[in-house]
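Protein chains: 4
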Amino acid sequence: MSSNTFGTLFRFTTFGESHGPALGCVIDGTPPGITLAEADIQVWLDRRRPGQSRFTTQRREPDQARILSGVFEGRTTGTPIAVLIENVDARPKDYGEIKDKFRPGHADYTYWVKYGLRDHRGGGRASARETAMRVAAGAVARKVLSALVPGGVVIRGALIQIGPHKVDRARWDWGAVEENPFFCPDRIAAQSWEGYLDEVRRRGSSCGAVIEVTAAGAPAGLGAPVYGKLDADLAAAMMGINAVKAVEIGAGFRAAELSGEENADEMRMEGGKVSFLSNNAGGILGGISTGQDIVVRFAVKPTSSILAPRRTVDVHGRDTEISTRGRHDPCVGIRAVPVGEAMMACVLADHLLRHRGQCGP
Amino acid sequence: MSSNTFGTLFRFTTFGESHGPALGCVIDGTPPGITLAEADIQVWLDRRRPGQSRFTTQRREPDQARILSGVFEGRTTGTPIAVLIENVDARPKDYGEIKDKFRPGHADYTYWVKYGLRDHRGGGRASARETAMRVAAGAVARKVLSALVPGGVVIRGALIQIGPHKVDRARWDWGAVEENPFFCPDRIAAQSWEGYLDEVRRRGSSCGAVIEVTAAGAPAGLGAPVYGKLDADLAAAMMGINAVKAVEIGAGFRAAELSGEENADEMRMEGGKVSFLSNNAGGILGGISTGQDIVVRFAVKPTSSILAPRRTVDVHGRDTEISTRGRHDPCVGIRAVPVGEAMMACVLADHLLRHRGQCGP
Amino acid sequence: MSSNTFGTLFRFTTFGESHGPALGCVIDGTPPGITLAEADIQVWLDRRRPGQSRFTTQRREPDQARILSGVFEGRTTGTPIAVLIENVDARPKDYGEIKDKFRPGHADYTYWVKYGLRDHRGGGRASARETAMRVAAGAVARKVLSALVPGGVVIRGALIQIGPHKVDRARWDWGAVEENPFFCPDRIAAQSWEGYLDEVRRRGSSCGAVIEVTAAGAPAGLGAPVYGKLDADLAAAMMGINAVKAVEIGAGFRAAELSGEENADEMRMEGGKVSFLSNNAGGILGGISTGQDIVVRFAVKPTSSILAPRRTVDVHGRDTEISTRGRHDPCVGIRAVPVGEAMMACVLADHLLRHRGQCGP
Amino acid sequence: MSSNTFGTLFRFTTFGESHGPALGCVIDGTPPGITLAEADIQVWLDRRRPGQSRFTTQRREPDQARILSGVFEGRTTGTPIAVLIENVDARPKDYGEIKDKFRPGHADYTYWVKYGLRDHRGGGRASARETAMRVAAGAVARKVLSALVPGGVVIRGALIQIGPHKVDRARWDWGAVEENPFFCPDRIAAQSWEGYLDEVRRRGSSCGAVIEVTAAGAPAGLGAPVYGKLDADLAAAMMGINAVKAVEIGAGFRAAELSGEENADEMRMEGGKVSFLSNNAGGILGGISTGQDIVVRFAVKPTSSILAPRRTVDVHGRDTEISTRGRHDPCVGIRAVPVGEAMMACVLADHLLRHRGQCGP
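Protein chains in written order, with this note's numbering: chain Z, -6 to 354; chain R, -6 to 354; chain W, -6 to 354; chain B, -6 to 354.
It is worth saying that the hints were derived from the structure and are not from the lab.
Errors might be hidden in some of the hints.
Any copy, or any two copies together, can satisfy a pair, since identical chains are not distinguished.
[Stated by the list, open to error] Under the rule of at most 20 angstroms between Cα atoms (straight-line distance), these lysine to any residue pairs were calculated in the SDA-like manner:
| id | residue 1 | residue 2 |
| --- | --- | --- |
| 1 | K159 | R247 |
| 2 | K159 | K266 |
| 3 | K266 | D93 |
| 4 | K159 | G144 |
| 5 | K266 | R162 |
| 6 | K92 | A163 |
I would like the entire structure built from these sequences, with the hints used as guidance.
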């Protein structure tokens, strides 16, 4: 019911504006006794941090996370964990023009209609900067998964499409993901994307992207029937990331084109355990995990803050034009990769605790 | 946090198994004083009812809704509205074979893993039969929207793809939707679909579908930033419908291929009101409605209960085969149309009350 | 956030009016595999049923519970359990006079102010009849506690005061509770109460009562710090019962008069386990159970539907008088005993699952 | 479901330990456009601040509140308001002895049993220091009430009993409350309490107290039937304050002794409005406000950290003794007065928004 809280048992609440004094989150419901240090969070924040290549916003934010509570002598106590990041490179003046004009494709207009006023500094609360706190919460969720799932859960994300350019899945290499500025699993595609994105930047334009996030090792049985479905919660988690317009699980939209025989993943016993011969389900059947890899994809629309002038209106109800300067990601989808991973981790940690609550260990 | 409750302020809880004595829902949070009769619910249930054409399950259920509470002298009282439907044509024996075997692509296996036991009669709680109660709740949500939104909100759904066959959007006619057994807005496509689906049935196979649901007239300002986003809630609502594997808003996955200029819907003043020149956003920006049509699409996978034999395992951990007899929809996506409309209505009614709570009338 | 739902993980939603067709509840979150039959619920409903002595309302309701879902082959499946009781002895006409007049001390007026209309038949939703469904939910909660707590949890309630007449705690005998129509643990008091209550009935008056409910065997560690405190949830549970005006835990109000030395229950090791030398805490410290008996007391005000004429106003804003005929409990506190027990069971079952979710088994 | 969040639509989440780096809260759901400055919060924090008289803990905390988000150009934006207070006078070493020993009557033991470890510095999360954040949230709630309720809502609290010494209600003067270190409304009682409490301190003992909080001006119609009752939420709110063991509304426990005629507050029309001739209901009937003063009382047990040696056990399961040094309130009930007021404000603001959501303005 809160609009700034995510999750049920493992849950976090975020706060803070893009150009306010700080961003923060409060992570509640973490099991006690799990080792946790600021470095465990920082490592994931660093992956998402802006300004690391010419393909992301040039805003220089160290995004240094500070744990304010809930950890004692290196372990979680079971009480709420607050994480704070101070904004360092805020430049509210950069945003003079958007004070009165609405960027087409941006939340500027809808916030203003809803609330009658808005914090126009860099998008305020609607800024992608908020996603840093999702990554912080995701870091804690990963620790929870490590502590509670024997063998652990490996969550990985990759950019599989930028603008119209897709990866070749035959060349997929998770190792490549950390080697290029796009989290691209296809080394050859990554190279060609550089030229494409340089061109997009040069034109003052922007482009969209598709991200795929997978979780390997999640136990079967997570999720719930009917309204607390694991896939429904994942859909909400991913669709709730800034600029996301589509989410699919497993075969996704392609499932509509398959026959019943093609789609239904057959099962065999293997070494005493159930094994599936395919994974069109994306690891989820009837809202509950099957034990296979959980596979989610989501599409991010192009950044709406672009140099190219666009027709719009202003707060006084007058027609006008806008051309957005300032520091923006030409493809906000790139930095959505660690955010998608974090949301996956949070959803799984939450469902793990929910399952344990109802069904026991 | 409940796995059988949907919504925050306008919320409903459903119960009942496919072959148990009854299905029901409890709708809570309805504003008082709204006219409501059983007929207001029945009209929508009838749209979803099975057995109305040869393209849906031949189970004969009148799906007669009875209101047990919350309505007095023809008006809602503000207290919970319980709706009950008795199961009439339950034939548990039809499901003998699935008692011990898991249908590939079905929730059979995951329920069993999660709970250690399951009501195997017709899928129990995982049956699409549960969606009747979503339609009942949606009927009440429509009444709420009518009562509170000046001019009303028109929610309509259509099947835009069946198997690999898509409609031609140039031929879209909402009038056609009620004239064919597919809720297809393209009369020509509807005709060819008959032959296609007859063939699917004849083969004992099944196929998937894509549904589009739109809401016209929803006021700008509904939704919430960050985690109670209107699009995130819609994504959860649609992904939570049985067999749905993908959801998109507005341009959806195609948004990834657009440039920033193409994607951002420009704005102009028109007759003193803000008007958009396109609707790639699908009526939602930053999680908040813009006042444009809200447009959602979702993909339904092919029915997993098929005659064609599939390899599977049983509850004793043995390899086996299964071929599902009994009465099943060859394309469960058809009857998902009224269900998608209902979920849209419920999400909008909920956000209308949430908006009113925080921001006033 | 729902006004008709109680609990977090073990949660139930009730519906139904006093003189509508039926009452019901939907119990969600129950662990799977627990044996449950209608008789398990009926036994507790029978304790609360009206018309069993001349000291409760003469309305004749069999209160026959029917399980509509969530149980398969005698065991809970983990899906929602719906319980339905049809109203048999509804006589809406008995309530003609209260249609337009507000009973002083009753919810008549506040429902009408809040909703602008109300179901005036016997108090509608505000009737004590709703508490039957709490007892049904409590019956399931007891089964959950039996299944999950080694040794079980024994929950017992007693009437310890009726009007100004208190029991003598020195004569406390749990065996006596089932032997008199008051759930009174003091046989001598019970006898004198008969005369007192006969006299109250004869005068067309009513009286209040104090109930004590204890839970023995609840493990230490249930509850949560700060806002999900076990005592806070118990306070809400008991204060939420119709006509309750006060709740206390352990020493309760008397704790204010104790010195720090007197109040703090000292601890000793006994047989390898922590043992307390007193129980002023009522089994709860810092919102978390200590392992001692959990002790709650609550006060029920006198029934507001009385024969004695009272000054009031009507829906037309006119001064008038009211004298309530019809069938009412002269002391609604008596039947609150099984209701208080049920709420204790529900709160403990909920916290047991919540604890297991966060902290494991 | 969160153990560190309070409220439904107006809701806040707190974090922070007594001797950690900071305390904070995140207040979500505030309507937009309400004027809010740090001074609006500080004024209430200052009332609760320790070290203002010899009768409260000598810990010197300025409790300087900093708003980190949700306010822009002096007005709430509708997004979450984070408030931070840095701990200045933390002295973890003062608490050496309680590291391994459990203080009888304190949460030391239950936290340790529940979580298997605990932040022993000054009680960690169980410290009364957490209540500073309730006061901060309450300050924002008061602003909400001022903005939305015509005429405003006046919330006031008073200490009406300390140890066994009660005020004389005939001498009640709200003006006196701010003139003595006890928030005592009876000037003569306040004087005698000084001697009593000096004596308690001298003995190294502690004492309990009873607080009464009233709200005048709250509109009729707030609250909800059955499980979201205004009195149930108030009971949870007050019982959830540290060391509270009892809560009552209006006549409270005394209602059990009244006859139906005495208890039922009669009604008359007065100047076109409904007026009540008494207020045994404490302003709440059937869980919904009547428009009268809302009256809540709660009892605070004596501080458990006392100098007088008490028998206890340690974390190693050995019998021992404890005598608590360090800085403690001899009567923690005194500073509970502003906390009770704050919780009243939060509950009313929440129900105001909930009512507006369902029933409109």
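Results for each hint:
1. K159 / R247: both (16 angstroms within a copy, 13 angstroms between copies)
2. K159 / K266: neither (35 angstroms within a copy, 40 angstroms between copies)
3. K266 / D93: Cα proximity of K266 and D93: across copies only (16 angstroms, versus 61 angstroms in one copy).
4. K159 / G144: neither (32 angstroms within a copy, 44 angstroms between copies)
5. K266 / R162: neither (28 angstroms within a copy, 47 angstroms between copies)
6. K92 / A163: neither (47 angstroms within a copy, 40 angstroms between copies)
In the structure shown, a violation is registered for the earlier hints numbered 2, 4, 5 and 6, in ascending order.
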